[in-house]
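Take a look at the letters that make up each chain.
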Amino acid sequence: MSEFLQQLVNGVTWGSVYALIALGYTMVYGILRLINFAHGDIYMLGAFFAYYAARAMGATSNPSPLMALAVLLVAMAGCGAVGMLIERGAYKPVRRSSRLSALITAIGVSLLLENGGVLVFGADPKFFPQIVPVKSLALGAGVTMTNQQLIVLVVSLGLMFLLRVIVLHTRVGRAMRAVSFSHTAAALMGISVDRIITFTFVLGSMLAAAAGVLVALQSPKIEPYMGIMPGLKAFVAAVLGGIGNLPGAVLGGLVMGIAEVMVVGYISPTYRDAIAFVLLIVILLVRPAGILGRNVTEKV
Amino acid sequence: MSPRFTLRLGLAGIVLVALLGIGCAAVRNDELVVGEFGSLTGNDATFGISTQRGVEVAMDELTAKKEGKIGGLKVRVVVEDDRGMAEEAATVVQKLINQDRVVAVLGEVASSRSLAGGPICQQAGVPMISPSSTNPEVTKKGDYIFRMCFLDDFQGWVMAKFVAEDLKLKKVAVLKDVKNDYSVGLAGYFTSAFQAMGGTVVLETSYSAGDADFRAALTSIKAKRPEAVIVPGYYTEAGQIARQARELGITVPLIGGDGWESEKLIEIGGEAMNGCFYSNHWALDAPDPRLQEFLKAYREKFKGDPDAIGGLAYDAAQVLFGAMEQLATQDPQAFQGLASSKAGSEARKAACQKVRDIIAATKQYPGVTGSITLDANRDASKPAVVIEIKDGKKIFRTSIAPQNLPS
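Those protein sequences? They're chains A and B, same order as listed.
Going by the working numbering, the letters in the first sequence line up with residues 6 to 305, in that order.
Going by the working numbering, the letters in the second sequence line up with residues 3 to 409, in that order.
Think of the hints as simulated: they come from the structure by calculation, not from any bench.
Quantities reported herein were computed from a predicted structural model and do not represent experimental measurements.
It cannot be assumed that every hint is accurate.
In silico DSS-like links for lysine-lysine, alpha-carbon gap of 30 Å or less [to be verified]: (1) Lys266/B x Lys163/B; (2) Lys97/B x Lys173/B; (3) Lys131/A x Lys305/B; (4) Lys226/B x Lys140/A; (5) Lys67/B x Lys298/B; (6) Lys131/A x Lys181/B; (7) Lys68/B x Lys140/A; (8) Lys395/B x Lys140/A; (9) Lys131/A x Lys68/B; (10) Lys143/B x Lys131/A; (11) Lys140/A x Lys351/B; (12) Lys298/B x Lys68/B; (13) Lys140/A x Lys392/B; (14) Lys143/B x Lys365/B; (15) Lys131/A x Lys67/B; (16) Lys163/B x Lys131/A; (17) Lys392/B x Lys305/B; (18) Lys351/B x Lys76/B; (19) Lys395/B x Lys67/B.
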């Protein structure tokens, strides 16, 4: 039993990272109907920004919680800026073209970030400094959790809560919801659609950056291609929960994390990556709109 | 065919011949071109970098002693980066053979990449010396492929013997990298040897290189309460596994193979590595004068300690240079076939074959990683060393020799 509980703790912390990335996918999809394939690479950039920020601020030699928070904020700000740049530079010019062009642009941006990362950061992996000294916390019944895992969980839940407040209880959040219903109607109501879309990208990129920093904190190896797999899996998580639906993305991420850990723990580690795509196929067959998604009948 | 087309074809032909002429004229300066491939970047970059450094030290020695020449020809080493990928390894070996026209190839460290490059060298009739690929399959690809290190069946047996007789443990768990030929092979050899010695493997589970999270597999391992965990993978993952294992409260020693040999191991694993053991090709504190001489040259050039991978690469380069030297004195005429202007000729083929024969006859060569004797399978048979990690330092623990080795 304690083994199962331990695996559950592992699964929930791992899943909360997927949830953070999946939120970015789902927000952009909700507003633009665009699958932003570069999203996983923003996650990678987040980890690298934090790596350089931590070294520049000297967080490596004398770690403190304040310093760790500063590193996180720098990475989020950096990725927010990159997200804005990508939206303005790559996606806005093709917004009026077919959706296929936008999708191909997204793949192009993704390749650009990965290989640009190899060029700038180098292809050999870097090792993220321990900006938070690790401590093990006993949760009883033989289950342990490190303070880093706890930080991952608390920070992701905090960010998800913050996102919910922004979307449901602020003016800009209301504008985001309006734009996701109809660009034209929102524009007629005096909402600057372009600005809202940029804002959405910035928000999504910041969440991905946070996920990158949180993962690097507990698994210190970072390299330019680290975003591909988590990006794909978070995308599956978003579809699983119902793409375009924010609570769905969180649920999908958690289901994904737990499923992955349970497969490794009880079936075979070989199927770790396969389970994500098995889940995708199953959900598409059984409930194409996702767990929390609504079925929308399309006008033909 | 219209007359105009024929004319054009003829002109093109003349231009081509002229270009070839220029090309030939450029190779006045005959040299000996040796190829080397390794992972200079990528997941296990220190393997490739150490190999290159070992070869560089050997080259420096040649430059100091013989002006960098063998049999009157200047030696040039062409280094290619395979970025740690097997597909890429095949491509760069093709390039070394077809474009650089090398006489011999040094590389690789990772068995999966030596397995990708080996058959290409074999087919082209170019001798290849892998300094440190330990998977038995590597040299089975053909009679032009050699290695300077022991094999995984021996290494697995050494690890098992160490765990069973030195540490006196009976119950272990195995955590291997399923995407890695070396790791899967070594895990298998360890398990069969350990079981033959009366030990039990309570759980065998795996990860894939590049994974960031090992907690799920480690939690399963913890539940079985093993007395040691065998991690026959590479240093990048071993360091992370050690950290996460300690965080989950697994306090038993982790035991690895020569894939752990990297200066980065302790940088990644930190304090979690203390109390772990791994089998290796050498220990730096051995009193061998040749080793100490190499260490001095290496430390002067690179301001740090070499790892065993670098030592094996140095030995591989020395064995190759020695073989070419021997050919130059024994059969100067055949030796000329190795010159860069003879690329692709029959003379080159014959010379490469002669070099191959000389390498194959290597007996008790005094390398920095121990005495090297190549057996009928072109594999080196030598003792292994077990290293203990204590307070962030690698310390010699014991040396285990093959059972059938004389002396």
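Hint check results:
| no. | hint | in the structure |
| --- | --- | --- |
| 1 | Lys266/B x Lys163/B | holds, 27 Å |
| 2 | Lys97/B x Lys173/B | violated, 48 Å |
| 3 | Lys131/A x Lys305/B | holds, 21 Å |
| 4 | Lys226/B x Lys140/A | holds, 23 Å |
| 5 | Lys67/B x Lys298/B | holds, 16 Å |
| 6 | Lys131/A x Lys181/B | holds, 21 Å |
| 7 | Lys68/B x Lys140/A | violated, 58 Å |
| 8 | Lys395/B x Lys140/A | holds, 23 Å |
| 9 | Lys131/A x Lys68/B | violated, 40 Å |
| 10 | Lys143/B x Lys131/A | violated, 35 Å |
| 11 | Lys140/A x Lys351/B | violated, 63 Å |
| 12 | Lys298/B x Lys68/B | holds, 20 Å |
| 13 | Lys140/A x Lys392/B | holds, 21 Å |
| 14 | Lys143/B x Lys365/B | holds, 22 Å |
| 15 | Lys131/A x Lys67/B | violated, 39 Å |
| 16 | Lys163/B x Lys131/A | violated, 35 Å |
| 17 | Lys392/B x Lys305/B | holds, 23 Å |
| 18 | Lys351/B x Lys76/B | holds, 20 Å |
| 19 | Lys395/B x Lys67/B | violated, 35 Å |
Going through the hint list in order, the structure does not satisfy hints 2, 7, 9, 10, 11, 15, 16 and 19.
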